[in-house]
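Can you build the whole structure from these sequences, using the hints too?
Each chain, letter by letter, is given below.
Number of protein chains: 2
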Amino acid sequence: MDNFIFKSPTKIIFGRGTEELVGEEVKQYSKKILLHYGGGSIKRTGLYDKVVNSLKKAGVEFIELPGAQPNPRLSLVREGIKICRENGIDFILAVGGGSAIDSAKAIAVGVPYEGDVWDFYAGKAVPEKALPLGVILTLAATGSEASKSSVITNEDGWYKRGLNVDIIRPQFAIMNPELTFTLPPYQTSCGVADIMAHIMERYFTNTRNVELTDRLCEATLKTVIHNAPIVLKDPENYAARAEIMWAGTIAHNDLLSTGRIGDWSSHAIEHELSAIYDIAHGAGLAIVFPAWMKYVYKHDINRFVQFAVRVWDVDMNFENPEETALEGIKRLEDFFRSIGLPVRLSEINISDDRFEEMADKATNRGQKTVGQFVQLGREDIINIYNLAK
Amino acid sequence: MDNFIFKSPTKIIFGRGTEELVGEEVKQYSKKILLHYGGGSIKRTGLYDKVVNSLKKAGVEFIELPGAQPNPRLSLVREGIKICRENGIDFILAVGGGSAIDSAKAIAVGVPYEGDVWDFYAGKAVPEKALPLGVILTLAATGSEASKSSVITNEDGWYKRGLNVDIIRPQFAIMNPELTFTLPPYQTSCGVADIMAHIMERYFTNTRNVELTDRLCEATLKTVIHNAPIVLKDPENYAARAEIMWAGTIAHNDLLSTGRIGDWSSHAIEHELSAIYDIAHGAGLAIVFPAWMKYVYKHDINRFVQFAVRVWDVDMNFENPEETALEGIKRLEDFFRSIGLPVRLSEINISDDRFEEMADKATNRGQKTVGQFVQLGREDIINIYNLAK
Chain A
1 MDNFIFKSPT
11 KIIFGRGTEE
21 LVGEEVKQYS
31 KKILLHYGGG
41 SIKRTGLYDK
51 VVNSLKKAGV
61 EFIELPGAQP
71 NPRLSLVREG
81 IKICRENGID
91 FILAVGGGSA
101 IDSAKAIAVG
111 VPYEGDVWDF
121 YAGKAVPEKA
131 LPLGVILTLA
141 ATGSEASKSS
151 VITNEDGWYK
161 RGLNVDIIRP
171 QFAIMNPELT
181 FTLPPYQTSC
191 GVADIMAHIM
201 ERYFTNTRNV
211 ELTDRLCEAT
221 LKTVIHNAPI
231 VLKDPENYAA
241 RAEIMWAGTI
251 AHNDLLSTGR
261 IGDWSSHAIE
271 HELSAIYDIA
281 HGAGLAIVFP
291 AWMKYVYKHD
301 INRFVQFAVR
311 VWDVDMNFEN
321 PEETALEGIK
331 RLEDFFRSIG
341 LPVRLSEINI
351 SDDRFEEMAD
361 KATNRGQKTV
371 GQFVQLGRED
381 IINIYNLAK
Chain B
1 MDNFIFKSPT
11 KIIFGRGTEE
21 LVGEEVKQYS
31 KKILLHYGGG
41 SIKRTGLYDK
51 VVNSLKKAGV
61 EFIELPGAQP
71 NPRLSLVREG
81 IKICRENGID
91 FILAVGGGSA
101 IDSAKAIAVG
111 VPYEGDVWDF
121 YAGKAVPEKA
131 LPLGVILTLA
141 ATGSEASKSS
151 VITNEDGWYK
161 RGLNVDIIRP
171 QFAIMNPELT
181 FTLPPYQTSC
191 GVADIMAHIM
201 ERYFTNTRNV
211 ELTDRLCEAT
221 LKTVIHNAPI
231 VLKDPENYAA
241 RAEIMWAGTI
251 AHNDLLSTGR
261 IGDWSSHAIE
271 HELSAIYDIA
281 HGAGLAIVFP
291 AWMKYVYKHD
301 INRFVQFAVR
311 VWDVDMNFEN
321 PEETALEGIK
331 RLEDFFRSIG
341 LPVRLSEINI
351 SDDRFEEMAD
361 KATNRGQKTV
371 GQFVQLGRED
381 IINIYNLAK
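Chains as they are written, first to last, in UniProt numbering: chain A, 1 to 389; chain B, 1 to 389.
Because the hints were derived from the structure by calculation, they are not lab data.
Any given hint might turn out to be false.
Pairs of lysine-lysine, DSS-like flavour, derived with a Cα cap of 30 Å [claimed, not checked]:
1) A:LYS7 - B:LYS57
2) B:LYS129 - A:LYS57
3) B:LYS7 - A:LYS222
4) B:LYS27 - A:LYS11
5) A:LYS7 - A:LYS32
6) B:LYS148 - B:LYS27
7) A:LYS11 - B:LYS31
8) A:LYS129 - B:LYS124
9) B:LYS11 - B:LYS43
10) B:LYS11 - A:LYS129
11) A:LYS7 - B:LYS31
12) B:LYS389 - A:LYS7
13) A:LYS11 - B:LYS222
14) B:LYS124 - A:LYS298
15) A:LYS7 - B:LYS11
16) A:LYS330 - A:LYS222
17) A:LYS11 - B:LYS43
18) A:LYS56 - B:LYS7
19) B:LYS32 - A:LYS129
20) B:LYS7 - A:LYS31
21) A:LYS27 - B:LYS129
22) B:LYS50 - A:LYS7
23) A:LYS129 - B:LYS57
24) B:LYS43 - A:LYS148
25) B:LYS11 - A:LYS148
26) B:LYS43 - B:LYS7
27) B:LYS7 - A:LYS32
28) A:LYS11 - B:LYS124
29) B:LYS11 - A:LYS31
30) A:LYS148 - B:LYS330
31) B:LYS7 - A:LYS129
32) B:LYS330 - A:LYS7
33) A:LYS11 - B:LYS148
Chain B is faced by these chain A residues, among others (derived, beta-carbon under 8 Å) [said to hold, decoys possible]:
34) ASP2
35) LYS7
36) ILE12
37) THR18
38) PRO184
39) GLN187
40) ARG215
From the three backbone atoms N, C-alpha and C, an ideal C-beta is built for every residue, glycine too.
As structure tokens, then:
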């Protein structure tokens, strides 16, 4: 186990009806906020009215910034920064999924910064200050509600880049599983893949003696795997929605990475896909992760055997552990397929004509590698895209 | 899953050499602190010198209050409160195990309170303010380093009572597994029993649909069960000490109770034992918990079957699940015995002559019940003491 520092202070307010508490929660921080959300879905479901009423009741003024979209855009972030500055706003409430939250986080670090907010995502500067923010989550997926991560897409070149700093962890996250009842099945499944990917990125590590976090990862994966088919059959199953929603937070609040170094190459490889093709991140991960596994499993067959046996209940083949490892990868791929996700690029009509361009972007034209479990160069990434064809 | 609020903001600073960071950490809060610890062990091991040097280097003044002992006493708490008030101290650093930390928490709520600090433990008042505190942990057991709990013994009548409020969660916990290398085997085992009890108190619940937290509980229990014999054989095994230490925090920071109502009767029943006989809390739990299980398991056999199969890898008896449930309880008892703990009161020379007195105290002379999984009255508690004879 490596030395680590862990602090995940987000106040989780979980359960039925909790969105009604938002006004009381927000007013502890500010009386004038930016209300940031996506499109019309929160208006259709009635959530928007509940939030607005709760804010008004608590005497909280708000200026709205709708328009957050999947793979959230830098241009909207810049607009949010401008609104906050011009109106002396010092708190941001994001209502939605990872897109609204990641976008809110970018606004939060952008407002007190004199330079261009993209500096933080391009790795040219590290933010030292951030406005506090709160979240009402409507989608179990990115774990952004309690994470230190934000991923933004720069339309100028379609670069999708992440920022990871503790100061952007939300102050509170209101999580009512009922708010996820109306999600279309495909989005639910993409969320499931994203949650599982967050765990698997941490699970595949070269750090030894990480038994507790291994087991916590396995516990969280098994819970998601068990409950995903239930919510697809029965979208208003509160219990199963709740398990997935809470698992989504645990998957990415860094508890599961304490004392270990995760991999994260599948995320890097996927980000290039969704930046160019604007596909759902979770769908991209369902395609990339099994291909990545097939490419790297020989680096540590035992770890893939453990994954197969403990997560997928594969019967251990003691005479041929490699077969067990491969069966685990197959089960993952079969699972993604069973919940309606693509597992090959061809299934979403992506051909091989931009593999080199994406590998170039992921590695800064071959100047750097991605991944920690196995460090992958430009050629490796092209090979993985080919395995995912 | 029940609605819940979860916030566990303690900054965990984990790993080799981390005690050297204490001065830098403390000075973010205060330049004049109470340094609270137990007896001579931190002086023998050299930890005391390291802490003092680090504080001095950071320019932090300190007044010392040694003397925290197992089942920490109210009189020392009162002394600490007096010292803090007389010297304008606004931060407490506890160095030690649960006793020093629980005692520091009591001082922390006592200083800003005009009445008697025991009011909080007797349930006569709820603290609204607390001094901030930090911890250097030297014993994996109580989980107090990140919990909202403090247990104090009032020598006037030997009442042992707990306080549970979020404001006493430490600001930071420095956790170096090496600091636990010198623990005697018996104390190590008592710590293991305490950690397991914290998880099991949460595990045995009537709340349905708590799959994720069930699995996280099982993961943490399995880790502790696996690593306990390793550290008993090889006390300086860093990896195994680290697993147990981190598990001890997770066991009691409330992550494992999110969305569910735990039982906590074994703790209440044990507290009467250790208050009167001054035995180690962990040893008392090793005696009480199996007896409690034997007394209540029929209330929900399936839950005990799950415990047996998932935690103890008992082969499921599909024709007779009750046998599986009982085998799980037996495995727990065998495990405690295997790590050198008593599992019967007679083994620590406690006879049955004060069972009624203890049951009276636990239930306020039969006026109330203890436990949530099964609500136990005075007679039930006497029956459990008898099962533990």
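Evaluated hints:
{"no.": "1", "hint": "A:LYS7 - B:LYS57", "in the structure": "holds (25 Å)"}
{"no.": "2", "hint": "B:LYS129 - A:LYS57", "in the structure": "holds (28 Å)"}
{"no.": "3", "hint": "B:LYS7 - A:LYS222", "in the structure": "holds (24 Å)"}
{"no.": "4", "hint": "B:LYS27 - A:LYS11", "in the structure": "holds (26 Å)"}
{"no.": "5", "hint": "A:LYS7 - A:LYS32", "in the structure": "holds (28 Å)"}
{"no.": "6", "hint": "B:LYS148 - B:LYS27", "in the structure": "holds (23 Å)"}
{"no.": "7", "hint": "A:LYS11 - B:LYS31", "in the structure": "holds (29 Å)"}
{"no.": "8", "hint": "A:LYS129 - B:LYS124", "in the structure": "violated (42 Å)"}
{"no.": "9", "hint": "B:LYS11 - B:LYS43", "in the structure": "holds (26 Å)"}
{"no.": "10", "hint": "B:LYS11 - A:LYS129", "in the structure": "holds (19 Å)"}
{"no.": "11", "hint": "A:LYS7 - B:LYS31", "in the structure": "holds (23 Å)"}
{"no.": "12", "hint": "B:LYS389 - A:LYS7", "in the structure": "violated (44 Å)"}
{"no.": "13", "hint": "A:LYS11 - B:LYS222", "in the structure": "holds (28 Å)"}
{"no.": "14", "hint": "B:LYS124 - A:LYS298", "in the structure": "violated (62 Å)"}
{"no.": "15", "hint": "A:LYS7 - B:LYS11", "in the structure": "holds (5 Å)"}
{"no.": "16", "hint": "A:LYS330 - A:LYS222", "in the structure": "holds (16 Å)"}
{"no.": "17", "hint": "A:LYS11 - B:LYS43", "in the structure": "violated (38 Å)"}
{"no.": "18", "hint": "A:LYS56 - B:LYS7", "in the structure": "holds (26 Å)"}
{"no.": "19", "hint": "B:LYS32 - A:LYS129", "in the structure": "holds (28 Å)"}
{"no.": "20", "hint": "B:LYS7 - A:LYS31", "in the structure": "holds (23 Å)"}
{"no.": "21", "hint": "A:LYS27 - B:LYS129", "in the structure": "holds (20 Å)"}
{"no.": "22", "hint": "B:LYS50 - A:LYS7", "in the structure": "holds (24 Å)"}
{"no.": "23", "hint": "A:LYS129 - B:LYS57", "in the structure": "holds (28 Å)"}
{"no.": "24", "hint": "B:LYS43 - A:LYS148", "in the structure": "violated (39 Å)"}
{"no.": "25", "hint": "B:LYS11 - A:LYS148", "in the structure": "holds (15 Å)"}
{"no.": "26", "hint": "B:LYS43 - B:LYS7", "in the structure": "violated (35 Å)"}
{"no.": "27", "hint": "B:LYS7 - A:LYS32", "in the structure": "holds (25 Å)"}
{"no.": "28", "hint": "A:LYS11 - B:LYS124", "in the structure": "holds (28 Å)"}
{"no.": "29", "hint": "B:LYS11 - A:LYS31", "in the structure": "holds (29 Å)"}
{"no.": "30", "hint": "A:LYS148 - B:LYS330", "in the structure": "violated (44 Å)"}
{"no.": "31", "hint": "B:LYS7 - A:LYS129", "in the structure": "holds (22 Å)"}
{"no.": "32", "hint": "B:LYS330 - A:LYS7", "in the structure": "violated (38 Å)"}
{"no.": "33", "hint": "A:LYS11 - B:LYS148", "in the structure": "holds (14 Å)"}
{"no.": "34", "hint": "ASP2", "in the structure": "holds (7 Å)"}
{"no.": "35", "hint": "LYS7", "in the structure": "holds (4 Å)"}
{"no.": "36", "hint": "ILE12", "in the structure": "holds (4 Å)"}
{"no.": "37", "hint": "THR18", "in the structure": "holds (7 Å)"}
{"no.": "38", "hint": "PRO184", "in the structure": "violated (24 Å)"}
{"no.": "39", "hint": "GLN187", "in the structure": "violated (21 Å)"}
{"no.": "40", "hint": "ARG215", "in the structure": "holds (4 Å)"}
Hint compliance for this structure: hints 8, 12, 14, 17, 24, 26, 30, 32, 38, 39 are not met, and every other hint is.
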